[in-house]
Amino acid sequence: MAPTADRDGPLADCPDSALVPPGHEPRCPVDVTLAALGGRWTPLAVREFLRRGEATYSELSGALPALSDKVLSDRLAQLTSAGVIERHRTPGWPPRVRYILTSQGRALEPVVRSMWEWGTARRDALG
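Numbering (the numbering used here), first residue to last: 11 to 137.
Calculated directly from the structure, the hints in this document are not laboratory data. Be careful, since some hints might not be right.
The list that follows gives simulated cross-link-like pairs (lysine to any residue, SDA-like), each with its CA atoms no further than 25 Å apart [unchecked claim]: (1) Lys-80 to Pro-53; (2) Lys-80 to Leu-47; (3) Lys-80 to Glu-35; (4) Lys-80 to Leu-60; (5) Lys-80 to Arg-99; (6) Lys-80 to Val-122; (7) Lys-80 to His-34; (8) Lys-80 to Trp-103; (9) Lys-80 to Glu-64; (10) Lys-80 to Thr-90.
The whole structure should be built from the sequences, with the hints applied where relevant.
Dropping the structure here:
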């Protein structure tokens with residue numbers, strides 16, 4: 011059975027006025043989500059925050075060893091800018107930085123869970 015068009019519901023098409031070229035601030039809801047989670051490794055970093063709630067750079071680096079320092083730093087800056095995590099620096103030497111998941115970040119749990127479930131089914135179907 012073919013899916014029906016959802017013209018007014020949560021999967022409604024974005025009007026052309028909401029679609030913007032790359033480099034501009036997205037307005038389509040799917041594009042907004044992709045901008046927050048964009049880039050390889052970003053959803054896995056979010057997954058780690060959903061598991062932990064908060065983490066230091068070293069803890070994330072240990073949990074995601076395939077990431078280079080540059081990529082991890084970029085992803086943390088991206089997630090901070092998107093409001094998914096907050097950066098908290100403790101005064102003193104050496105400086106200690108802890109990243110904490112925000113309520114907007116916690117709201118991504120069903121998105122990441124759906125990605126996990128779809129990926130599990132896909133992996134199992136491929137053998």
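**Message:** Hint by hint, where does the structure go against what was stated? Just the numbers, ascending.
**Reply:** none
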